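Q: When you get a sec, could you build the whole thing from the sequences and use the hints?
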Amino acid sequence: MRRNLTLKSTARITFVLLVSLAAGTAVHAQGRPGPSGPPPTAKAAAPIDLTGYWESLVTTEDWVYRMVTPRPGDYAGVPLRPVGIQVMDAWDPAKDTAAGLQCKSYGAPAIMRVPEHLHITWQDDQTLKMETDAGEQTRLFHFVPSMAAAHGPRTWQGYSVAQWEFQRQGGGFRSAGKAVWGSLKVTTSNLKEGYLRKNGVPYSEKTQVMEYYDPVQESNGDGLMVVTSYVTDPVYLFSPFVTDNNFLKLSSAAGWEPSACSAMW
Amino acid sequence: MASNQSRFRAANSAMRGMTCAIALILASAALPVRAQGVVAQEPVDLSGSWVPYATDNPLEVDEGPFTDDWTGMPLSAAGRALAQSYSASIYAEPERVCQLYGQWKYMTAPFPVRIWPVVGQATDQIVAWRLQTTEDQGGMTIWMDGRQPPSKYLDYSRGAFTTGHWKGDTLIADTSHLKMAPARNNGGFYSDQATLTSTFILHGDKLVMVFVLHDPVYFTQPYVYSRFFNRSTARPASTAWPPCIVNYEGVAEGAVPFYLPGKNPLLDQMMKVFHVPEYASEGGAQTMYPAYRDRLKAQYLKLYPTFPKKCKQYCTNFLFQRPAANLAQPVARAPAKSGQRKAKSGH
Numbered sequence: 228m229r230r231n232l233t234l235k236s237t238a239r240i241t242f243v244l245l246v247s248l249a250a251g252t253a254v255h256a257q258g259r260p261g262p263s264g265p266p267p268t269a270k271a272a273a274p275i276d277l278t279g280y281w282e283s284l285v286t287t288e289d290w291v292y293r294m295v296t297p298r299p300g301d302y303a304g305v306p307l308r309p310v311g312i313q314v315m316d317a318w319d320p321a322k323d324t325a326a327g328l329q330c331k332s333y334g335a336p337a338i339m340r341v342p343e344h345l346h347i348t349w350q351d352d353q354t355l356k357m358e359t360d361a362g363e364q365t366r367l368f369h370f371v372p373s374m375a376a377a378h379g380p381r382t383w384q385g386y387s388v389a390q391w392e393f394q395r396q397g398g399g400f401r402s403a404g405k406a407v408w409g410s411l412k413v414t415t416s417n418l419k420e421g422y423l424r425k426n427g428v429p430y431s432e433k434t435q436v437m438e439y440y441d442p443v444q445e446s447n448g449d450g451l452m453v454v455t456s457y458v459t460d461p462v463y464l465f466s467p468f469v470t471d472n473n474f475l476k477l478s479s480a481a482g483w484e485p486s487a488c489s490a491m492w
Numbered sequence: 400m401a402s403n404q405s406r407f408r409a410a411n412s413a414m415r416g417m418t419c420a421i422a423l424i425l426a427s428a429a430l431p432v433r434a435q436g437v438v439a440q441e442p443v444d445l446s447g448s449w450v451p452y453a454t455d456n457p458l459e460v461d462e463g464p465f466t467d468d469w470t471g472m473p474l475s476a477a478g479r480a481l482a483q484s485y486s487a488s489i490y491a492e493p494e495r496v497c498q499l500y501g502q503w504k505y506m507t508a509p510f511p512v513r514i515w516p517v518v519g520q521a522t523d524q525i526v527a528w529r530l531q532t533t534e535d536q537g538g539m540t541i542w543m544d545g546r547q548p549p550s551k552y553l554d555y556s557r558g559a560f561t562t563g564h565w566k567g568d569t570l571i572a573d574t575s576h577l578k579m580a581p582a583r584n585n586g587g588f589y590s591d592q593a594t595l596t597s598t599f600i601l602h603g604d605k606l607v608m609v610f611v612l613h614d615p616v617y618f619t620q621p622y623v624y625s626r627f628f629n630r631s632t633a634r635p636a637s638t639a640w641p642p643c644i645v646n647y648e649g650v651a652e653g654a655v656p657f658y659l660p661g662k663n664p665l666l667d668q669m670m671k672v673f674h675v676p677e678y679a680s681e682g683g684a685q686t687m688y689p690a691y692r693d694r695l696k697a698q699y700l701k702l703y704p705t706f707p708k709k710c711k712q713y714c715t716n717f718l719f720q721r722p723a724a725n726l727a728q729p730v731a732r733a734p735a736k737s738g739q740r741k742a743k744s745g746h
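From first to last, the protein sequence lines stand for chains A and B.
Mapped onto the working numbering, the consecutive letters of the first sequence carry residue numbers 228 to 492.
Mapped onto the working numbering, the consecutive letters of the second sequence carry residue numbers 400 to 746.
Rather than coming from a laboratory, the hints here were simulated on the basis of the structure.
Since we're looking at a predicted model, the values are computed, not measured.
We put the beta carbon where it would ideally sit given N, CA and C, even for glycine.
Any given hint might turn out to be false.
[What the hints assert, rightly or not] Here are the in silico distance ranges between beta carbons for each label pair:
#1 A:D351 to B:T522: 46 to 52 angstroms
#2 B:C643 to A:T382: 55 to 61 angstroms
#3 B:K662 to A:A487: 44 to 50 angstroms
#4 A:D319 to B:V616: 43 to 49 angstroms
#5 B:A477 to A:R381: 21 to 27 angstroms
#6 B:T619 to A:A376: 45 to 51 angstroms
#7 A:G279 to B:G603: 25 to 31 angstroms
#8 A:E432 to B:P656: 40 to 46 angstroms
[As the list claims (entries may be wrong)] Over 12 angstroms on every C-beta distance to chain B, these chain A residues come out as not near it, computed from the model:
#9 A271
#10 V371
#11 S456
A: Structure below.
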């Protein structure tokens with residue numbers, strides 16, 4: 228009798244313990260890896276889906292610097308140092324074309340400002356790929372960065388390290404709730420020098436770009452993406468050059484028209 | 400036997416007590432998570448003084464738009480007709496001297512936006528977020544307490560009516576009961592039938608605001624605008640101003656300054672300064688998309704070799720000016736909103 232009572236009580240305690248622990252850990256477990264096993268891949272952990280086709284939406288903001296080639300010497304809005312103004316004033320698109328440098332205005336610090344279509348796909352479980360039709364550029368966002376690749380030869384698109392910013396049920400970036408929304412943060416360096424604008428407003432190879440990719444749901448169901456680009460250049464800029472770029476989600480590849488880099492248009 | 404049963408009862412009772420105690424302790428361990436149910440209503444703190452970053456859209460923010468620059472605006476035929484007949488002197492009308500700007504001003508003014516919570520006295524919970532910039536702006540109260548919009552027939556204040564909800568840490572707000580107001584200070588208006596969806600995305604001490612304006616009268620498609628702000632630790636922008644006083648500013652009561660169709664002399668500024676043809680500067684949804692560049696390309700590139708080799712007008716912003724000697728005489732621009740607020744609201 229005593230043994231039965233003790234066993235019943237022990238079983239009750241054990242059950243309560245397990246239920247309570249389960250209740251406590253269940254909330255933590257949502258959207259995060261369990262204590263054992265490998266962490267989920269970037270693709271599996273994605274709180275938002277950026278894949279698909281997107282189209283630039285050039286609504287008023289900087290239209291005259293984006294939709295047409297800006298006037299020679301026009302750097303309105305760019306915190307350009309005097310040394311940068313000198314470089315800009317020496318801009319010669321014919322010379323760039325002859326030197327095979329037509330893509331100088333399609334580098335990572337500028338490419339999101341170019342009116343274009345984007346095609347975003349997963350190259351593998353840890354790498355997001357973004358292709359542009361304008362200038363036929365490809366950007367790779369590495370969730371598991373490689374030190375060797377990050378210090379390889381400089382390119383127009385440089386080397387990009389990506390991370391998700393999770394927004395969780397219950398709020399706060401450190402909350403334990405299930406990930407219900409989020410953003411993509413991308414940091415890019417190892418760039419070849421290029422132009423922030425088509426008319427030769429320069430950035431140096433010491434430039435770094437930090438970007439936030441934020442999806443926005445319109446009330447009519449349309450999908451929007453806002454890409455905030457935060458460009459820092461200790462050589463040519465007094466302070467960061469920040470722009471917001473809006474993209475509209477497309478349901479198909481309609482409008483996708485690859486075009487080669489152009490130094491003039 | 401009886402004493403054994405008593406001991407068993409006592410032991411059983413103690414065990415039950417211990418079970419309950421353990422359960423309580425374990426349940427309390429989960430409390431911080433559950434307690435976030437309260438926090439969940441306001442997952443992040445938006446309050447503060449937010450300063451717009453100066454490098455985006457300098458033509459709009461620094462100097463105000465050109466008189467005929469509706470590029471990238473999805474204007475309808477009615478919206479375009481209104482814009483082209485617009486005279487900035489309407490703000491000298493006694494009826495409009497004290498008229499407030501609309502909520503769109505958060506996107507285009509160079510001033511900081513102050514955001515603060517409104518706390519309900521009875522519940523001590525945040526019932527709304529309040530936004531304000533300058534004295535001549537209508538303000539915005541984003542109600543978070545689940546209240547329903549008033550009847551669409553109700554004439555509401557210039558502050559309009561806004562409700563909000565959270566998606567993760569992102570605040571999404573829907574505004575109705577707007578008054579007709581400028582989306583650009585050159586006659587690009589939205590109507591009182593418009594609705595606004597605004598999204599507030601926080602990245603640490605950085606805030607991205609996205610406004611999407613739907614207007615069935617003056618726009619053919621949603622008008623999208625986004626803007627980047629830094630949180631400022633400087634003294635917050637004041638939102639308290641002396642009352643506006645109506646006085647005579649050159650337009651008699653009852654007069655409405657305007658231009659008849661085809662008579663507006665200021666519709667060639669975009670061509671003169673930026674070599675953008677009138678068919679593009681008059682806007683329309685097609686001007687928002689990349690494909691529109693194809694229409695501009697031939698004419699624009701033909702003109703480009705004729706451009707001055709050195710940019711002379713509106714080439715920089717007020718923070719980083721070229722030497723004044725390089726500047727030519729400015730072309731005509733939209734007059735600032737007149738009145739006692741002229742110096743503060745010349746945008």
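Q: Under the constraints set out in the numbered hints, which ones does this structure not fulfil?
A: Violated hints: 5, 8, 11; rest satisfied.
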